Amino acid sequence: MIPISLIQSTAEVLMDKAAIEIPQDYLDGLQHAAKTEDGDLSSFVLKAMLDNYEAAKEDRRAMCGDTGVPRWFVKMGNEARVEGGMVALEAALRRATANATNGVPLRPNRVHPLWRTDHDNNVGIGAPEIEYGFEPEGEWIDLITVHKGGLFGTDYRMLFPSDGIQGIKRFYLDSLMAFGKRGLACQPAIIGIGLGGSKDICMTLGKRASTLRIVGSRNSDPRIAEMEDEFKDLGNSIGMGAMGFVGKNMVIDCNIEVGYCHTGGMPMSVHAFCLSSRRAVARIHADGRVEHRTDPDWFTDYQRRETVEWEPQREAAE
Amino acid sequence: MREIVLSTTPTDEAIADLRLGDVVYLDGLMYTAREGVYMRALEDKANIPMELPSQSAANFHCSPAARINPDGSFDMGAVTATASFRFAKWLPEWMAKTGAKLIVGKGGMTSKDYKEYFAPNGAVYLSTVGYGTGALLGRGVENVEAVHWNKELGLAQAMWVIKCNRMGPFIVASDLSGDCLFERENAKIAKNVARVYAGTKPAVLKRYGESDDRTDEVI
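Line by line, the protein sequences are chains Z and D.
With our numbering applied, the first sequence corresponds to residues 1 to 318, in that order.
With our numbering applied, the second sequence corresponds to residues 1 to 219, in that order.
Isolated chain D, as found in the complex:
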């Protein structure tokens, strides 16, 4: 597997060079953004307290295990991503507004997301590994530069700005064609499903969701 060191304000060429499954380490500033940040910035129209994308084009779906000390300094321990699919409703607008090029998180998005607004904006998805290489990623935090909106959102939802020093590993999970690493892997596994299920039978009492028609009987 290829190993690549990438800036959090990457050039278009550097992004175009990434291939699905590449292992990436990041240098530069990265900010965290989950539910609270999107709602505050996009729905409540609060001013984003950073110059984006010039300071950072890397959006991390994360809230760290960290504390703010009484003297205002920070202690950051482990750093782990949270599942990204939940943020799909905000990401197109966020990307348009902030010029984010690297979306970093857990589990990736769909190839539909990648084709509709990642690739057209020159952006790709980097997945954390594991999940839960929290200690390794924590080692890659050279400094906590700022915590924005802590008072409004709480520690777990605040916008943390971290300086990454060869932070990683991450895996490239989408490319500029809009292809999706997880879908590619899932398609390979799917070929085996019928064999694994052979001999099992559907439950005698069905559940909604298995039949999408709510007028169906369940037996």
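Chain Z with its partners taken away, still in its complex shape:
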């Protein structure tokens, strides 16, 4: 049984870490980009961002003044049990979000869409979002917080099988061109592409591809992994860099996730994470141990399963 107080205190630490500490995989990617960049303006921008990460860590202040929209992904081993049940867990995550907003401090971004009423704590109707995943074994619970930007850098389009790969490329380029002008989506970023699913799941897949997979990870389907490499290079060949200035670096990595869709369609979403790729992860074990990391490791073989029943031994033997 995992104590609810441990869930809340761990969640508060995660809010702080996500806001302040740039994940190492993204930092490595951006440092590599800074070395290859030769546009004078975009080079200056990347250098300033690298200085900014240092300043944030030294001062323990948020990397970015725009907190985005903090949200939670919760993954549980099948045997995990939480004190007070899932209602208590949701309350703990809402409390942690509110407390950290005041504590770090973060910007209280969340308001009612119509009345613009503001609780000054990033909590409200449907906020923070809390999504769930499960794994076949284990008594642990993974808490993942992501503070993705809330305004720019996502799009969706229903494509069709006859659009083919060239149609996918075109919508990808359309999206990057639109996101990248004047740097509104804060590139260079991890770009996530969702292909398939129903419309809402297509968006979910793309968002998770950008926020829950790290730089350098590759889809377990080797042909999709090849597309990821190709699309990263394609995005970086536009000639647009940071802030929409002339440059070579628009895409730090491109992650693609797929889901089965209607036989007549090929829905596609594109999502850009940002220069402050805020994500933090902790695994809480049943014995009270807490392990922090920055890789959500969300897309396991189980999450990508294709069969009716989950038969890990059979899949492992294949």
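Read the hints as simulated data drawn from the structure, not as lab findings.
It cannot be assumed that every hint is accurate.
[What the hints assert, rightly or not] Partial selection, computed: residues in chain D whose CB lies under 7 Å from chain Z:
#1 79
#2 83
#3 86
#4 138
#5 156
#6 192
#7 200
[Stated by the list, open to error] DSBU-like mimics (lysine-lysine), calculated; alpha carbons at most 30 Å apart, straight line:
#8 35/Z - 188/D
#9 206/D - 188/D
#10 181/Z - 191/D
On a predicted model such as this, the values are computed, not experimentally measured, just so you know.
Even for Gly, the Cβ is constructed at its ideal location relative to N, Cα and C.
Chain Z is already provided as a structure; the job is to place chain D on it using the hints.
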């Protein structure tokens, strides 16, 4: 790239000297203003609670990551701009009313904005860098002098008055000729677009916006 330290109540000469792409650091008082402030000051005709432009001619499209402590003091962490194009409908009137000379934000405005009311008012646009050098800009905040209209607008929309001490970096994104740094860069990138798109084809199902005629078929 040139580095310049500029006052938030700059002289006309100092502004005239700025060139597109210069890196600027700011000294002096700067106030934040986004949707809520413009609506309250311009549409609801509330009295602006500062002497402008004598106290500050620097308008920052920003809301900080900050809190007001129970004792009334302030803690300001990171400071990042928000996208400026959304405020174009209010800026001409704001500029006329407040004498703002430095508009500081994210993403700039159009050269049409710059030519129509920035340049004639002797004003230029400074862009934040990144975006999201929130920690660096936060370091440049020497003091939070006041927060106005917090009760009416909430923390994120309130008018924060901050004292800048070599706050930056910012990039000069417009000049007194009304030229626009982002448009200049976009024009260079645009030359490459046809090559990048070569081989791709338009989607079989069109979307409105791609054809502006709503009477068109979409296939």
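Do the hints match the structure? See the list:
1. 79: This hint holds: residue 79/D lies near chain Z, its Cβ roughly 5 Å from the closest one there, short of 7 Å.
2. 83: For residue 83/D, the interface hint holds, since the closest Cβ of chain Z sits about 6 Å away, which is under 7 Å.
3. 86: Since the shortest Cβ distance to chain Z is 10 Å, the answer is violated.
4. 138: Hint holds; residue 138/D Cβ to chain Z Cβ min 5 Å, cut 7 Å.
5. 156: 6 Å, holds
6. 192: The hint holds - residue 192/D has a Cβ within 7 Å of chain Z, the shortest such distance being about 4 Å.
7. 200: 4 Å, holds
8. 35/Z - 188/D: 22 Å, holds
9. 206/D - 188/D: 28 Å, holds
10. 181/Z - 191/D: This hinted pair holds, its Cα atoms lying about 14 Å apart.
Checked against the numbered hints above, the structure breaks only hint 3 and satisfies the rest.
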